[in-house]
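Participant: Here is what each chain is made of, one letter per residue.
Number of protein chains: 2
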Amino acid sequence: MAIEVDYRFPPGVDAEKQAKIIAVGQTVGTWDARFAHREESLKSHLAFVVSVRKESTGYSIATIRFPQANVENDIPSLLTMIFGKYSMAGAAKVVAVRLPENYGQLPKVGISGIRERLGVFNRPLVMAIFKPALGLSAAEHAAILKEVATAGLDIIKDDEILGDLESAPTLERLRACRQVIEELEEKTGRTILYAVNVTGKNPVEMARRLVKEGANALLFNVLTYGFCVLEQLASDREINVPIFAHPAFAGAMCAAPDFGLSYSVVLGTLMAHAGADAVLYPAHYGSLPFDKQEEEKIRDSLRARNVFPVPSAGIHPGIVPRAIADYGTDVILNAGTGIMDHPDNPAAGVKAFFEALELAEPGKPFNLASLPEGALRRAVEKWGNK
Amino acid sequence: MAIEVDYRFPPGVDAEKQAKIIAVGQTVGTWDARFAHREESLKSHLAFVVSVRKESTGYSIATIRFPQANVENDIPSLLTMIFGKYSMAGAAKVVAVRLPENYGQLPKVGISGIRERLGVFNRPLVMAIFKPALGLSAAEHAAILKEVATAGLDIIKDDEILGDLESAPTLERLRACRQVIEELEEKTGRTILYAVNVTGKNPVEMARRLVKEGANALLFNVLTYGFCVLEQLASDREINVPIFAHPAFAGAMCAAPDFGLSYSVVLGTLMAHAGADAVLYPAHYGSLPFDKQEEEKIRDSLRARNVFPVPSAGIHPGIVPRAIADYGTDVILNAGTGIMDHPDNPAAGVKAFFEALELAEPGKPFNLASLPEGALRRAVEKWGNK
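Those protein sequence lines, which keep their order, are chains E and F.
The numbering of the first sequence is the working numbering, which starts it at 1 and goes up by one.
The numbering of the second sequence is the working numbering, which starts it at 1 and goes up by one.
These are computed hints drawn from the structure, not numbers from a lab.
Mixed in with the good hints, there may be bad ones.
Only pairs whose alpha carbons sit at most 20 Å apart, straight line, appear in this in silico EDC-like list of lysine to aspartate or glutamate [said to hold, decoys possible]: (1) F:Lys-20 / F:Glu-55; (2) F:Lys-43 / E:Glu-166; (3) F:Lys-292 / F:Asp-326; (4) F:Lys-43 / F:Glu-55; (5) E:Lys-297 / E:Asp-6; (6) F:Lys-201 / E:Glu-101; (7) E:Lys-297 / E:Asp-258; (8) F:Lys-201 / E:Glu-183; (9) E:Lys-43 / F:Asp-6; (10) E:Lys-201 / F:Asp-258; (11) E:Lys-43 / F:Glu-166; (12) F:Lys-43 / E:Asp-164; (13) E:Lys-43 / E:Asp-32; (14) F:Lys-201 / E:Asp-236; (15) E:Lys-212 / E:Asp-236; (16) F:Lys-201 / E:Asp-32; (17) E:Lys-201 / F:Glu-140; (18) E:Lys-201 / F:Asp-164; (19) E:Lys-386 / E:Asp-291; (20) F:Lys-382 / E:Asp-326; (21) E:Lys-201 / F:Glu-72; (22) F:Lys-43 / E:Glu-140; (23) E:Lys-43 / F:Glu-140; (24) E:Lys-201 / F:Glu-205; (25) F:Lys-292 / F:Asp-258; (26) F:Lys-364 / F:Asp-344; (27) F:Lys-201 / E:Asp-6; (28) E:Lys-212 / E:Glu-183; (29) E:Lys-382 / F:Asp-32; (30) E:Lys-20 / E:Asp-258; (31) F:Lys-54 / F:Glu-101; (32) F:Lys-386 / F:Asp-300.
Here the structure is a predicted model, which means the values were calculated and not measured.
Work out the full structure: start from the sequences and follow the hints.
Facilitator: Here it is, written out as structure tokens:
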């Protein structure tokens, strides 16, 4: 099977010409009579232009088909081929990548596995983020965890910028939090996943160490460390816990209208073929500018491979009805300040989400006037209901 | 010491406001009275806005100083901090990063070491690229190598898209080429560096294997595999050969005017602190659109840390005088088709470069009329002299 890529060119670019440059320049290059005897082998590695069409906006989309034999069933060699040197050639954006189903890898745990580990099968999951992001001690992390875990939270994660710092070394944080999780399990039979941030010079070794020390989930900044490292984490047998992929740095390669790759390619297609178990990305009703259509594509690419979509950034209880309308059940609602900065306390933040999940039904009113007293009402008073 | 970053905002963006959002949002975030007792620790992790100035173009530059204690002396944690989540927040470009001298790592081999290995101290080095990029057998690679090595070439590299493919497995290519190199060494006392492309699911293991099998240089697509992997290669004791960093995919994060990072940050500052021994990037007189000032910044950032600058893409013998005027001696001139597609043969392509180096003196005429018969003249007839 082949690999198909859609490139979008802004008005004024000769898309036909550029498409040919890509098909040749990103594969074999040109050759002369000296290599006539290798013609068959050379040709087998050439890409070809499937179509070039102009849209009503003046933009053009060129579809190019690459031989799978040129790449190594991973994301890095794929990116080098489809947009390596050509990324420096001028205005062009990779807006879709269609990969064979068996390209790359599937998640080890994924939606079904995360649900099994939590014993929660029929509702969206609720996730929080430790805040403030930096400067707390391990014991303070544990204290926060205790509060939100007792309130019924499903998952918590480190802030993505919290690394293995002197002020709260990762292993210390994990050990302190692990104790809280074990107590919760003993007392209630429930558990909570804590996605510890994997960082350092050797993230794979670090992840193995964390899993040995009882980590039941990992957080990873795929785009600043590299897809190669995600693939190593995902294919490592010792690392048998879900990997939550964070989108930090995605804007550097996706935010420009006419350069780089679409968010849906990087956070959807590529993450889903690189072995992530759950992928975070901005929700279009959140605090970051994000396109609804891109978000839908990400959601669908992830789910198609059993990967949990995790819309994030500015998520608070008031948006739950919209999120449920967009996502239904298989979604992780991830809130940072939307839980930690609840006017009462973080536990109330968690409760507000569960109250919202109970109430969120299509067509049902969800406004201050209709909300009973309680955590949800207090949240909506602070953050509104959209 | 602190880390300073310059962010550039287009006209219409409230740069003062955005700078504050970065300083707080990319570090601790906000906190309330519950954390009053941690005030000192929290504050120690906050970044602060050094200055915000408006340029005559209407663009604004905000300089922000981050505590080094927030990061782990590597590029991935640095990128997460300075442009992780914020990269998704709107139009903003990272145009400069100033790191403490001891941040990250220095090259193991670098300019001085590459010169020692080649025994060439007082002139620019000449480098070629195997072409066609894909579809040749290992024996054909060796035959090409023999031709250009005998002609006096200093360095050759795989094309960046040539991975470990069935048609010519990397180890086979290396073994075939290694034999040519050994013969050259025996016969002439000279050597040639062959930068083999490191790819695969475990590039560090692959690189160790290649070095054990006699590889005397490596090529690596840093931006598609990840800075983390470059740092691992650079700090690995077994990998005692120069690493040539390729810029494939740099345009995805650098080409947009108002998003991502400047080329000089990614291919200059970050590469130089991640341990690369030589870094390839487009020359402004080459075949890719590139800014002269950015190129100069890259050159200077690399040299300041003993890293070889390798201007590339569309380099041919006719541009040698301009390259020498810009670079002087410490430069590697890297030509793909500019050597391999010489009208006579690749050996003539190499000779043309050395003839050009002999002739290239400031103010000396360098045009068809003044050139004697020979390889250089033939090259200039084909590609011109600029």
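Participant: Are the hints correct? Go through all of them and say.
Facilitator: Consistency of the hints with the structure:
{"no.": "1", "hint": "F:Lys-20 / F:Glu-55", "verdict": "holds (19 Å)"}
{"no.": "2", "hint": "F:Lys-43 / E:Glu-166", "verdict": "holds (15 Å)"}
{"no.": "3", "hint": "F:Lys-292 / F:Asp-326", "verdict": "holds (10 Å)"}
{"no.": "4", "hint": "F:Lys-43 / F:Glu-55", "verdict": "violated (31 Å)"}
{"no.": "5", "hint": "E:Lys-297 / E:Asp-6", "verdict": "holds (15 Å)"}
{"no.": "6", "hint": "F:Lys-201 / E:Glu-101", "verdict": "holds (19 Å)"}
{"no.": "7", "hint": "E:Lys-297 / E:Asp-258", "verdict": "holds (19 Å)"}
{"no.": "8", "hint": "F:Lys-201 / E:Glu-183", "verdict": "violated (39 Å)"}
{"no.": "9", "hint": "E:Lys-43 / F:Asp-6", "verdict": "violated (47 Å)"}
{"no.": "10", "hint": "E:Lys-201 / F:Asp-258", "verdict": "violated (31 Å)"}
{"no.": "11", "hint": "E:Lys-43 / F:Glu-166", "verdict": "holds (15 Å)"}
{"no.": "12", "hint": "F:Lys-43 / E:Asp-164", "verdict": "holds (18 Å)"}
{"no.": "13", "hint": "E:Lys-43 / E:Asp-32", "verdict": "holds (13 Å)"}
{"no.": "14", "hint": "F:Lys-201 / E:Asp-236", "verdict": "holds (11 Å)"}
{"no.": "15", "hint": "E:Lys-212 / E:Asp-236", "verdict": "holds (13 Å)"}
{"no.": "16", "hint": "F:Lys-201 / E:Asp-32", "verdict": "violated (34 Å)"}
{"no.": "17", "hint": "E:Lys-201 / F:Glu-140", "verdict": "violated (38 Å)"}
{"no.": "18", "hint": "E:Lys-201 / F:Asp-164", "verdict": "violated (25 Å)"}
{"no.": "19", "hint": "E:Lys-386 / E:Asp-291", "verdict": "holds (16 Å)"}
{"no.": "20", "hint": "F:Lys-382 / E:Asp-326", "verdict": "violated (59 Å)"}
{"no.": "21", "hint": "E:Lys-201 / F:Glu-72", "verdict": "holds (8 Å)"}
{"no.": "22", "hint": "F:Lys-43 / E:Glu-140", "verdict": "holds (16 Å)"}
{"no.": "23", "hint": "E:Lys-43 / F:Glu-140", "verdict": "holds (16 Å)"}
{"no.": "24", "hint": "E:Lys-201 / F:Glu-205", "verdict": "holds (15 Å)"}
{"no.": "25", "hint": "F:Lys-292 / F:Asp-258", "verdict": "holds (18 Å)"}
{"no.": "26", "hint": "F:Lys-364 / F:Asp-344", "verdict": "violated (26 Å)"}
{"no.": "27", "hint": "F:Lys-201 / E:Asp-6", "verdict": "violated (26 Å)"}
{"no.": "28", "hint": "E:Lys-212 / E:Glu-183", "verdict": "holds (19 Å)"}
{"no.": "29", "hint": "E:Lys-382 / F:Asp-32", "verdict": "holds (15 Å)"}
{"no.": "30", "hint": "E:Lys-20 / E:Asp-258", "verdict": "holds (19 Å)"}
{"no.": "31", "hint": "F:Lys-54 / F:Glu-101", "verdict": "violated (29 Å)"}
{"no.": "32", "hint": "F:Lys-386 / F:Asp-300", "verdict": "violated (23 Å)"}
Of the numbered hints given earlier, the model fails hints 4, 8, 9, 10, 16, 17, 18, 20, 26, 27, 31 and 32; all others are met.
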